[in-house]
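Engineer: Below are the chains, spelled out letter by letter.
Number of protein chains: 2
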Amino acid sequence: MDLHLKETQVDTEVAYEGHFLKVQRDTIQLPDGQRAKREYIKHPGAVVILPLMDDGKVLLERQFRYPLHDVFIEFPAGKIDPNEDPLDCAKRELQEETGYMASEWQFVCTIHNAIAYSDEHLDIFLARGLTPGESKLDDGEFLETFTATVPEMLAWVREGKITDVKTVIGTFWLEKMASGQWKA
Amino acid sequence: MDLHLKETQVDTEVAYEGHFLKVQRDTIQLPDGQRAKREYIKHPGAVVILPLMDDGKVLLERQFRYPLHDVFIEFPAGKIDPNEDPLDCAKRELQEETGYMASEWQFVCTIHNAIAYSDEHLDIFLARGLTPGESKLDDGEFLETFTATVPEMLAWVREGKITDVKTVIGTFWLEKMASGQWKA
Chain U
1 MDLHLKETQV DTEVAYEGHF LKVQRDTIQL PDGQRAKREY IKHPGAVVIL
51 PLMDDGKVLL ERQFRYPLHD VFIEFPAGKI DPNEDPLDCA KRELQEETGY
101 MASEWQFVCT IHNAIAYSDE HLDIFLARGL TPGESKLDDG EFLETFTATV
151 PEMLAWVREG KITDVKTVIG TFWLEKMASG QWKA
Chain H
1 MDLHLKETQV DTEVAYEGHF LKVQRDTIQL PDGQRAKREY IKHPGAVVIL
51 PLMDDGKVLL ERQFRYPLHD VFIEFPAGKI DPNEDPLDCA KRELQEETGY
101 MASEWQFVCT IHNAIAYSDE HLDIFLARGL TPGESKLDDG EFLETFTATV
151 PEMLAWVREG KITDVKTVIG TFWLEKMASG QWKA
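Quick note, the sequences are listed as chains U and H, same order. Note that the UniProt record's numbering gives residue 81 to position 81 of the first sequence, counting from 1, and the numbers run on in steps of one. Note that the UniProt record's numbering gives residue 118 to position 118 of the second sequence, counting from 1, and the numbers run on in steps of one.
Identical chains share a label here; the pair holds if one copy fits it or two copies do between them.
Straight-line Cα separation of at most 30 Å, DSS-like style, residue types lysine-lysine; simulated pairs:
#, residue 1, residue 2
1, Lys42, Lys6
2, Lys6, Lys91
3, Lys136, Lys57
4, Lys176, Lys57
5, Lys91, Lys37
6, Lys136, Lys37
7, Lys91, Lys183
Derived by calculation from the structure, the hints in this document are not laboratory data.
Just chain U, same shape as in the assembly:
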C-alpha cells in the first residue's frame, strides 16, 4: 500500500527531553531506498470540548499563549494523561478549566494539527446539558471564560479574530451540526 510514498523506520532515539517537550529523532528509509533523518515532537494527544449551552451559546476561553505572546480565543482543551480515556479527559478538562459538567457527550472528529513535526492528534467532543460548578485550574494556569453564539464565532473566524485551529474547526462543525447538515 502506497509503497511509493512510505518511509520506514531504521532507528529511533530521544533527541531532547525537556520538562514539557520531547523530541524524537529517527533514521528512516525513503521510498527510493535512500536514508534520511526525521525529527518530531512526541505528544500524548489532546482533547477539545465544544460546550453548547441550552440557549445555543457556546462556552469559550481566553488564554495567553506564550509562544505567540498573545491572548487566544479557544475551546476548552487539554492533554490526555497516560492511559486516560479521551472522553474521561474531556470531562476532566471541562470541569477543571470552566467548572462546568455536561450530561450529554458526543464524539465529533479527530484532527492532526502539525503532521510535519508532531504526532499530536486532537479528539473533539460536543458537550451538552451543561451545569455550572467550580473550576480548579492547575498551578500556573490563568484563563477566563465567556460565551458567544455560533454566528458570532463564524464572524470572528472570517475576520481573523479566531485563528487557533481547534477553535476554527470546532466553529465550522458547530455550524454544520446546528443546521442539521452534519451529525456528531
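Chain U is fixed; fit chain H onto it per the hints.
Structural biologist: Coordinates of chain H only, in the frame set by chain U:
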C-alpha cells in the same frame, strides 16, 4: 491589556537545535508574579495554497507523514524561507510540489496550529487561473497529486478521511467562498 493573563519573558535560551527542529526554553513571569518555564518550537511560519481549477476542482496532494506513519490528503504547503515574502513562498511551493502556476492569488486567512508549544503560523492563499508545468520536488520529498471537488472534500472531512488541520480549514473556506457567503 489583559495583565491578569499575560506572561512576561525573563530569560530565553536555545534548549535544542537539531537539523530540522529548534526548541526554545524561556523563563517567564506569570500574572501572579511567580516564575515558570516555557518550552516551544521556533518555526519560521508556512504557507498553504488552495489551488482551484477552472472546472471547480481542487488540486490536492497525498503525502506520507512520518510522525504519524500514514499518508495524508493535503493542500500544497511549505515553510517560508528566511526573508521570503509569504505570497512568493506560496507561488514557489505550488510550482515545486505540483508544477502548476497561477495567474490569480488572494490571501484567505492566517491560522495558528499549535499555540501551546509552537510559534508557527500558516498563511492560506487561494490560487486560480492554473496552468500545468513540471514539478521539482526537493531531494527526499515524495508526494502525488490528484483532484477532487469541494463537496467530495467536505464529505471526507465529515467522515474523517481528511484530518490535517490546514486542509480541513481550507475546505470549509472553499465552501464559504464557493457559495458567495465569504470572500477572500
